[in-house]
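Which chain is which? The protein sequence lines are E and L, in order. Our numbering numbers the first residue of the first sequence as 1 and each following residue consecutively. Our numbering numbers the first residue of the second sequence as 1 and each following residue consecutively.
No lab work stands behind these hints, which were simulated from the structure alone. All values reported here derive from a predicted model rather than from experimental measurement. Quick reminder that beta carbons are idealized off the backbone N, C-alpha and C, glycines included. Check each hint, because a few of them may be wrong.
[Stated by the list, open to error] Cβ-Cβ distance ranges computed for the label pairs, FRET-style:
(1) L/Asp101 - E/Gln3: 46 to 52 Å
(2) L/Tyr7 - E/Asn324: 45 to 51 Å
(3) E/Asn254 - L/Ser65: 45 to 51 Å
[Unchecked claim] Part of the chain L face toward chain E, derived, beta carbon under 7 Å:
(4) Ala47
(5) Arg48
(6) Leu51
(7) Phe54
(8) Ala55
(9) Asn58
(10) Gly103
(11) Glu106
(12) Val107
(13) Gln111
2 protein chains.
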Amino acid sequence: MSQPQTYQNQIIIDGLQYCRWDRAYFETLKASGITAVHATLVYHETARETLSRFAEWNQRFEQNSDLIMPVMNMADVETAKVTGKVGIFFGAQNCSPIEDDIGLVEVMRKQGLLIMQLTYNNQSLLATGCYEQQDSGVTRFGKQVIAEMNRVGMIIDMSHSAERSTLEAIDLSARPICISHANPSFAHQALRNKSTAVITALASRGGLIGFSLYPFHLPNSSQCTLEAFCQMIATTADMVGVDHLGIGSDLCLNQPQTVLEWMRNGRWSKAMDYGEGSASNASWPDALPWFCNSTGMENIYNGLFQQGFNASEVGQIMGGNWFNFLKTGLSPESQQTSK
Amino acid sequence: MSQPQTYQNQIIIDGLQYCRWDRAYFETLKASGITAVHATLVYHETARETLSRFAEWNQRFEQNSDLIMPVMNMADVETAKVTGKVGIFFGAQNCSPIEDDIGLVEVMRKQGLLIMQLTYNNQSLLATGCYEQQDSGVTRFGKQVIAEMNRVGMIIDMSHSAERSTLEAIDLSARPICISHANPSFAHQALRNKSTAVITALASRGGLIGFSLYPFHLPNSSQCTLEAFCQMIATTADMVGVDHLGIGSDLCLNQPQTVLEWMRNGRWSKAMDYGEGSASNASWPDALPWFCNSTGMENIYNGLFQQGFNASEVGQIMGGNWFNFLKTGLSPESQQTSK
Numbered sequence: 001m002s003q004p005q006t007y008q009n010q011i012i013i014d015g016l017q018y019c020r021w022d023r024a025y026f027e028t029l030k031a032s033g034i035t036a037v038h039a040t041l042v043y044h045e046t047a048r049e050t051l052s053r054f055a056e057w058n059q060r061f062e063q064n065s066d067l068i069m070p071v072m073n074m075a076d077v078e079t080a081k082v083t084g085k086v087g088i089f090f091g092a093q094n095c096s097p098i099e100d101d102i103g104l105v106e107v108m109r110k111q112g113l114l115i116m117q118l119t120y121n122n123q124s125l126l127a128t129g130c131y132e133q134q135d136s137g138v139t140r141f142g143k144q145v146i147a148e149m150n151r152v153g154m155i156i157d158m159s160h161s162a163e164r165s166t167l168e169a170i171d172l173s174a175r176p177i178c179i180s181h182a183n184p185s186f187a188h189q190a191l192r193n194k195s196t197a198v199i200t201a202l203a204s205r206g207g208l209i210g211f212s213l214y215p216f217h218l219p220n221s222s223q224c225t226l227e228a229f230c231q232m233i234a235t236t237a238d239m240v241g242v243d244h245l246g247i248g249s250d251l252c253l254n255q256p257q258t259v260l261e262w263m264r265n266g267r268w269s270k271a272m273d274y275g276e277g278s279a280s281n282a283s284w285p286d287a288l289p290w291f292c293n294s295t296g297m298e299n300i301y302n303g304l305f306q307q308g309f310n311a312s313e314v315g316q317i318m319g320g321n322w323f324n325f326l327k328t329g330l331s332p333e334s335q336q337t338s339k
Numbered sequence: 001m002s003q004p005q006t007y008q009n010q011i012i013i014d015g016l017q018y019c020r021w022d023r024a025y026f027e028t029l030k031a032s033g034i035t036a037v038h039a040t041l042v043y044h045e046t047a048r049e050t051l052s053r054f055a056e057w058n059q060r061f062e063q064n065s066d067l068i069m070p071v072m073n074m075a076d077v078e079t080a081k082v083t084g085k086v087g088i089f090f091g092a093q094n095c096s097p098i099e100d101d102i103g104l105v106e107v108m109r110k111q112g113l114l115i116m117q118l119t120y121n122n123q124s125l126l127a128t129g130c131y132e133q134q135d136s137g138v139t140r141f142g143k144q145v146i147a148e149m150n151r152v153g154m155i156i157d158m159s160h161s162a163e164r165s166t167l168e169a170i171d172l173s174a175r176p177i178c179i180s181h182a183n184p185s186f187a188h189q190a191l192r193n194k195s196t197a198v199i200t201a202l203a204s205r206g207g208l209i210g211f212s213l214y215p216f217h218l219p220n221s222s223q224c225t226l227e228a229f230c231q232m233i234a235t236t237a238d239m240v241g242v243d244h245l246g247i248g249s250d251l252c253l254n255q256p257q258t259v260l261e262w263m264r265n266g267r268w269s270k271a272m273d274y275g276e277g278s279a280s281n282a283s284w285p286d287a288l289p290w291f292c293n294s295t296g297m298e299n300i301y302n303g304l305f306q307q308g309f310n311a312s313e314v315g316q317i318m319g320g321n322w323f324n325f326l327k328t329g330l331s332p333e334s335q336q337t338s339k
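Okay, chain E solo, but in the shape it has when bound (with noise of 0.2 Å):
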């Protein structure tokens, strides 16, 4: 006889958080009873670089060993689930830690990276930005990074890409890819957010979207409504189907403004630039009021329920996609049965 499904025995993933990582954090993570969370680990780092945030995050698994893990396939989320912590996976927000060298692909992805956007907002060697004024596509070196990450089974991200980047990605890639952190467009405009060529092309391809919970990607911006976030939610449903939908949240929590600042700027603007932001509200944006401590996942899981979703749905949008998406899309290409 099976047990009727409650928030607490549903595994939930979010799709993208870069919160200050500390044990507080990490209590608050637990209590929230998220099972795994895709953690950025670098935005403009180089390789060497890149080492050195993993060097940390050893030093966090271990000194914190009774709230989290490291998790490097699915069975550790399963792990997680059943010794109560919370399970940590590693993704990059730009193409940095593999510089120029397609060698560094599978070096990072032994080394814990699962997860690697393409680029960051601006051109990178591999593809186009979402805030560049011209598309160029997927470059030739993309091209082979692609393939790469398919062999290897790194899993492609496309968050901050430029439209027809995105869309060359999708088609370019042997195995589905994902879009972690990002909302359509249709609810918010945002040089950030997605066309519904893309989300249906993404979905037709055995994508997964992972809805965002920053302000500048909401409706409304920090006053949006758990409802609002839903009904966008539910309007995507119906749009491509439940099994490519998920929760990204693009959470930032108790970052200082250095952070920020590292994100938008890295090393590449003498001048500051703002991101989603303006020189007048330069900082980070307000949280949620019902996304901000340890509630804000089981509040959406509550909410799915009155947008009419079944308890099914709400299961694999809170976490069933997401696992079942990594699940394929990380175990090397030898090992998939098929395409």
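Go by the hints and put chain L onto chain E.
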């Protein structure tokens, strides 16, 4: 009914080689009956350069998967034996891959660096090399690194270290260490060979010495006979027993002079340093005629019987001791049952 012991059904491990790693040599290795080889990954490479060496090996594994396979643990060595492939595991001859960063020990270990020398001939950040005039022992950073290597299961190798530093490392390390490739000074006086004090201290703490086939480490250099080599092993066994002895051939075949110069000079000298050679003898020493092709290890196997070792002892020296030493030494600290 157990099969009679033959060379072919033994696990044969060579505790150090740095040949030119191409397909022709992998075929030679496979024909030699060697089960697994400790391959030198780097001499003086930085962390970033070390990643490129890993990337090059990833490509070798991809392109020669019928002949070789990577080894991360002893289960992989057993797989290599069963599938008739040669297992390759990696070590650094110097501590350059971790630069000045304690956090890189775990990062490099996860990438597949299973063994690391604390020094390579010169003073390092960790300890003193065997060519220095003054041996100041293990440094402050060195003590931290030894503890961290113990924690993550990275094996300490003191082949190129000076006497006091070696004795201190043996003592400081909570786990047995190795001298992967060197010979006893009683057989041949050389800065690279080891005193009886070092060898007995090493063995008393459960360590392992791999006997070297590098001519500069042998009596009569390239004219050293198989009998004299095996005699040296027998004399050492009389001193410290059979359990602590292995082979670490230090074999280098087909490498250009540039590799020898990188190995000897790195970036540290503007004048040419000739290492164990000299200005008039600057190139590779001639390989031993009985250890220069695919029959080398089998020659030693047979030569050890001639010295009176029994079948079990010969099996230990040819690979069994390395296997057990590595199995214990590579397990993370938390998985050790006792110290």
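Hints, one by one, checked against the model:
At about 47 Å, the CB distance of L/Asp101 to E/Gln3 agrees with the hint of 46 to 52 Å. In this structure, L/Tyr7 and E/Asn324 meet the distance hint of 45 to 51 Å, their C-beta atoms being roughly 49 Å apart. Between E/Asn254 and L/Ser65 the Cβ separation comes to about 46 Å, which falls inside the hinted range of 45 to 51 Å. Restraint check, L/Ala47 versus chain E: the minimum CB separation of about 6 Å is within 7 Å; hint holds.
Because the beta carbon of L/Arg48 sits about 5 Å from the nearest beta carbon in chain E, less than 7 Å, this interface hint is met. The beta carbon of L/Leu51 comes within 5 Å of a beta carbon in chain E, closer than 7 Å, and the hint placing it at the interface holds. Interface hint status for L/Phe54: upheld, as the beta-carbon distance to the closest one in chain E is roughly 5 Å, under 7 Å. Taking 7 Å as the C-beta cut-off, the interface hint given for L/Ala55 holds, the closest approach to chain E being about 3 Å.
Below 7 Å, beta-carbon pairs count as interface contacts, and L/Asn58 has one with chain E at about 5 Å; its hint therefore holds. A cut of 7 Å between beta carbons decides the hint on L/Gly103: the least distance to chain E is about 3 Å, and the hint holds. Given hint, L/Glu106 at the interface with chain E, holds; its Cβ is 5 Å from that chain's nearest Cβ, closer than 7 Å. With a cut of 7 Å, the hint placing L/Val107 at the interface with chain E holds, because the nearest CB-to-CB distance is about 5 Å.
Residue-level restraint check for L/Gln111 holds (minimum Cβ-Cβ distance to chain E is 6 Å; threshold 7 Å).
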